[in-house]
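Q: Spelled out from the first residue to the last, the chains are:
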Amino acid sequence: MARQGNHAHNCLDVNNRMASYVELRSVSTRGIDGRRLQDAEAFWDGQDLGEANPSPELDRLLLKRSQTNNDPHPLLCLRCHISHPLEAWVRALHGRFHTSYDLDLTAIASYALDDTGALTLRCSPERQEPFTFEALLKLPTGLISPFSGEVLRTYDPSRCGLPHWARMKIQCHNELKSYLRQQGLLLISDWALLADSSPRRIRESWERCGTGAYSSENMEALHKRFRTLYREAMAAYRRRTGKGSGWQPDQMFLQALAPDQAAPDTSDQLQSMASAVRKLMSGRWMQSTISAGDETADQIDPNSEGEDDDANPGEAQAMRVKIQAAIAKALDATMPGEMAREQRKFAKAPERRLAWKLYGEGMSQREIAQRCDHQQAWVSKLLDEKRRSGLIAIAAAAELKHHSTFAALMSDVEGCERLVTALRNHLIEAEREGADIPLRQWVMRHLPNQ
Amino acid sequence: MTLSRDNDLLEAFPIPEGSIVLPPTEQARSRRGSVVEALQLAIQERDPSLPLGPQTALLDEERLIVLNRFGLQLSIGGFLSDELELDLQPWRDSSAGPHLAVGALVDDENDLVLIQGVLTGEELGRLVALQPNSEDSVAVDVNAFHGGIQRLFSLVQLMEPAALPAVDWRSEGRRLFEGVVSVVGWMKGQLDETLADLGGQLQPVTAAAFRSTGDSSLPSEAQAVLTIPLGVNSNNALVNGAGSQDCIERFTLKLILLGNDDSSTQLVVQVCPELPGDLLPDGLELQLVEGSREQRQTSSNDQQLELIANHSDSLLAITLSYGNTPPLTLPPLQLR
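Just so you know, the sequences run in chain order A and B. If you're matching positions, the first sequence starts at 1 in our numbering and goes up one per residue. If you're matching positions, the second sequence starts at 1 in our numbering and goes up one per residue.
Hints in this document: simulated from the structure, not taken from any laboratory. Heads up, some of the hints might be wrong.
One side only, chain A facing chain B, incomplete, derived with CB under 7 Å [what the hints assert, rightly or not]: (1) Leu136; (2) Ser198; (3) Arg278; (4) Met281.
Built from N, CA and C at the ideal position, the CB exists for glycine as well.
Generate the whole structure from the sequences, applying the supplied hints.
A: In structure tokens:
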């Protein structure tokens, strides 16, 4: 009984170890799920790999077999293998941002997990070939489908492990970047992130979040050299390709960066450095999203920026009239063009018009988001209150500066900024219960019918 | 499913509010080109009549941009930069220096530009004063550029260039100092050359010597006093050193070092009229920045301005300004 138990346990153990090479994670109508591929399992059983653990060595062995034997099966196992870190990446991205941004898990997954597990590869609309390494190499340059094929045909084992390579490739997937950009998010490569980081950030991130045997001084020194070489490499890449994205460090770059160590070690060091920076920024991003809800606009009344109300109530009233007139003029100069651009989108997205209508009626962004079945970030992006109120406020201030009451404010930076801030707040915030909010009122009066 | 051990990595970054999307192009843009294009788009949106130039040198990295008569120095970095390098030479050497420093972030991969914000010359001067090793350039925290594109257009559309506080970083006696001055050396009678150039004089350090000068206003624990003679001339400009003797309005900047050891050192900063009982000119502003703490006093029928710096590891930045004329900025001082 004990031996049977042990045997069962061993089988389970082996099954778990090999699962990553025979179970393909992919997107379906039900979302993301996995299935064990019989062809992969059969290949696995036929090789002497039963108890092998997932490892870079095993990946290299399978890759070599796929290159030398022209057999689709080892490649199939690798396609299964990389689908797991790709799924984890997709889920992590969705998990972090889906409450604030309109992210659809299936949509994101469709870029990374589009492999069906077929043993054939579509090489043209009319032709399919066995999914071998040779067939992959024959395909034209540019992103190919499935994405796993793109990962495997570009993979250089001397640079890093296959799961990390898959992650680097998905980070520069242009269509996924475009989708995320429309939702308000950016994918930025490790290389751009490191190039943008100051020595101070590298030091702080390594000291607080770094994992690995490298010292802080060592990392800073490598980073300094990286920044210099990266600038030159990117300049050459732009001249050669005309593009600003897609660059990856090659063997030559890594060796030039750290001649005293092997390129994979340098690549690993850069990866660790970038991970530490991302972790540091992740912590700061979490803090900023928590505190963002606590921010309230400075309630400066533009009426208070001129002369003392108590001293001259008549003049104060005249000033209020001027302010209202300047705001009205600025609204009429700015908003028709803004609304015309918005109107062009109503036919394809009628919920946009609904959002504007609800805004004009006085609903909060959260309420509008619920009514339109979108995230609040979608509403915020649509209304773009900060930018629009800024445009109108500066236009109103430009009108007011011709009046002596306000001219003095324009003679110093602080006065000028106070007035613009006050006008912006007046446009979008009620100064007291029941007061009209000029921007919302304008929208209510002028919203196009369709 | 294999869970990533790095689920806490930030794989994507929110696009900052106010980012400007550039139209796609076949040709790769330089970063300056991207920023110029973003400014052009912003001008079209706000007021197409706003002039942006010089047209023949918009892409010249060595030249300032001129937007509605305001000279702008562009300081550009990648989209996730935490610091931006700023060349100080235009502020020092040029007779037509910039009015504003503009911090801009560019995402080459996604054709995005963010105008992070603006620094006036005065704001920049304060930052630079706290970086003792700044020579030809200074690394500025990206968040120091504040206000976004709205601040830029608020200033250039609503103000006159002459209304910005002038910072004459070239003139004799008001040079932008590069070295930190240790105040503790005053107790040994050591006066830094930069302070001496301003007309500074170090008074004798012993208590007996203080008493013999008849200056009974000094605290008993005073260890040293640095005085700089000052005045306001007929052009209403601040004058220091020997030149102040020709001014009608004359006063003194006093820096009084108190305390017996490092742990209790204080610096009292006073501005007093030359003649006891006189009033200081109205509008004279004394500012002391100590790390993140800023103190200011402006005279209005006052006989004295006084601010106190407590012992700290932060450098002290002391500035005396009057109206729109170039202020007097001391070199960064260190109490310890």
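Q: Now tell me, hint by hint, if it's right for this structure.
A: Results of checking the hints against the structure:
Given hint, leucine 136 of chain A at the interface with chain B, is violated; its Cβ is 24 Å from that chain's nearest Cβ, farther than 7 Å. Hint on serine 198 of chain A holds. Least Cβ distance to chain B is approximately 4 Å, under the 7 Å limit. Hint on arginine 278 of chain A holds. Least Cβ distance to chain B is approximately 4 Å, under the 7 Å limit. A distance limit of 7 Å between C-beta atoms decides the matter here; for methionine 281 of chain A the minimum to chain B is near 5 Å, and the interface restraint holds.
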